[in-house]
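Asker: So you can see what is in the structure, the chains are spelled out below.
2 protein chains.
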Amino acid sequence: MNNRYCIIMAGGIGSRFWPLSKNNYPKQFLDILGTGKSFIRSTFERFLPVVPAENFLVVTNAAYKSLVLEHLPELNPEQVLCEPMRRNTAPCLAYANYRIESVCPDASIVVTPADHLVTNEVEFQRVIRLGMDFVEQPAHTDALLTIGIRPSRPETGYGYIQVTNAQSDICPVESFKEKPNLETAQAYLADGHYYWNSGIFIWSLPGIQQAYRSYLPDMVALFEKGRYLFNTPEEQDFINGMFPQCENISIDYGVMERSQSRYTIPADFGWSDIGTWGSLYEHVQHDDFGNALNGNIVVEDTRNTVVNIQEGYEAVVEGLDHYLVALRDKSLLVCRLDDEQNIKHWIERL
Amino acid sequence: MNNRYCIIMAGGIGSRFWPLSKNNYPKQFLDILGTGKSFIRSTFERFLPVVPAENFLVVTNAAYKSLVLEHLPELNPEQVLCEPMRRNTAPCLAYANYRIESVCPDASIVVTPADHLVTNEVEFQRVIRLGMDFVEQPAHTDALLTIGIRPSRPETGYGYIQVTNAQSDICPVESFKEKPNLETAQAYLADGHYYWNSGIFIWSLPGIQQAYRSYLPDMVALFEKGRYLFNTPEEQDFINGMFPQCENISIDYGVMERSQSRYTIPADFGWSDIGTWGSLYEHVQHDDFGNALNGNIVVEDTRNTVVNIQEGYEAVVEGLDHYLVALRDKSLLVCRLDDEQNIKHWIERL
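Residue numbers (the working numbering), protein chains in the order written: chain A, 1 to 350; chain B, 351 to 700.
It is worth saying that the hints were derived from the structure and are not from the lab. No incorrect hints appear here.
Calculated from the model, a selection of chain B residues having no Cβ within reach of chain A, i.e. all distances over 12 Å:
1) L380
2) K527
3) D541
4) E585
5) G620
6) S629
7) H633
Partial list, derived from the structure: chain B residues whose beta carbon lies under 10 Å from chain A:
8) P369
9) Y673
10) I693
Straight line, CA to CA, 25 Å or less: simulated SDA-like cross-link-like pairs of lysine to any residue:
11) K694(B) - E311(A)
12) K372(B) - T626(B)
13) K22(A) - K680(B)
14) K694(B) - G295(A)
15) K694(B) - D287(A)
16) K680(B) - L33(A)
17) K529(B) - G628(B)
18) K344(A) - D651(B)
19) K680(B) - E318(A)
20) K387(B) - V400(B)
21) K387(B) - D618(B)
22) K372(B) - E314(A)
23) K694(B) - P463(B)
24) K694(B) - E300(A)
25) K344(A) - Q310(A)
26) K680(B) - N24(A)
27) K680(B) - A642(B)
28) K694(B) - R303(A)
29) K694(B) - N654(B)
30) K22(A) - N644(B)
31) K680(B) - L350(A)
32) K330(A) - R686(B)
33) K680(B) - N294(A)
34) K680(B) - G295(A)
35) K22(A) - Y663(B)
Just so you know, even glycine gets a beta-carbon here, dropped at the ideal spot from N, CA and C.
Here chain A stands alone, though its shape is the one from the complex (with noise of 0.2 Å):
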């Protein structure tokens, strides 16, 4: 069991949440759904009936340190990787691996994004016990599983995954699609064969690290001068200085798309990257007007709305149907549910 590791990706600076999402506090670190619990608890804690709290591992940025050591407070300051830069999946994993096998080369590791939601945690297990008893398998070595999620509707704001054989547990993929329009998303929901893409990865150390060499060798050969200072006091200048000059590619275009030996596990846990305002008032309790509150909120002649406020402020909401009201840090946002995919230009203006 102690070969088992969990990377958590946590270097997102998500603005869609805007104003509750910032550079300063991304979305990671939010509780948004008022579970009590910020996103990338939850993932650790979700994660930690599978993997050893000593064996995850968090690849963020420099700037947020402090910030998963205090939602994490189980890790110790090394299981967290700062990369100086924002340089896409395939770098920032590329160096959880490395870091892995300077001290377990025979490793299998479950990659994560830090801030999806989960809802049924015992299949979630299930799920990744299962994956992981797979690549576990010699025969299976150099398998390159993802995590493919039953879809419930045609949704064009995800990946999906199609599988050849969508009968077995553990199915072949036929290819990855890009997010889909509308008409395409139904056709992938009547054909059966198409998943919701989840991020969420597993493989055996050598079998990722084969398939880096494969398809990366120019990452691999920066990554390899400096194979004997990880773990070492030198890793993080050695990391600085090298990072740069990786390519910015995601795991999914620099290797995935490239393997031939990837698998997917179609599950159905409950789950959703609540990438947007609107996936978020899917999941939150309603009042008898559709109207998702949090905290001491006053609504009259208000429908289908989210009043998301911080905490310790009051807020009356008069005459809204189908707007978002958040209030976080100084800063406030009202606007058109419909609209928020245009938060990132208005937040440019401000």
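Following the hints, put chain B in place on chain A, whose structure we already have.
Answerer: The following block gives chain B in isolation, referenced to the frame of chain A:
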């Protein structure tokens, strides 16, 4: 000149500008119009060319004494009279009158609310001087003078003063009228003998004291018991003990409506009581889409909307027409401008 006194009534707790005005920071201490000065400060400065600083009295609640002195550092603490409770304007002014009587029995007095707007201060001062000159004539010692504002629209939010002869500078008052409905207000406007009641009064101290004796003898009896305590260390204890026994009645009902020697000066000096967000909206700058914004605010597809946020905050507002968005002191209000009269009910529900 040193016989001229000004009483500023500053006891209001005005909830109509919630969340800007609150019990602990009512409207008179706010700079809602963004002029750089609070209402009480502007009021003080507006009278200063007519009344010397040492002849001002501010009547307010004990809770606001330090706020008053903060806004009017020219006053010494004895010039701030503290009511132990709200008992409407007749007891408030009786208190101030007795205080003045203890130091200047032949004073002439102008009484003013603390939280109104005047845009033409030169004309204002001309009118106030005209009124004080009038009541200082021995023939008019008993005159109770009001300032009537020439109406520019059929306003239903103000009381009206009906005069018998609208031709002279100083007109005898026929009657005082409550806030009218729209039809009546339109008739007042067409008639030409009706003025808005500004709540500003001018009288000689002997004249107003005689009026109190005639129309509010019970209240006078209460004050007479402490006649020799005013301007002594015992004054506050005496007031605290007797004030609760005073009738809760306005100067308008208690004195003005019963008086036989009441006059009004029809005036036109850019006056508003700024009693509502709607009236505030009239008096502040608008952008090309009719929005009244303060501070770091981005608006998108938004019209005829007031956004008023606390200094140091920022806001994005999208998709509103004719709304009010106000954020102050950890309280947020989003409502239709037309519904603002309900603010009181909403905040009771908080």
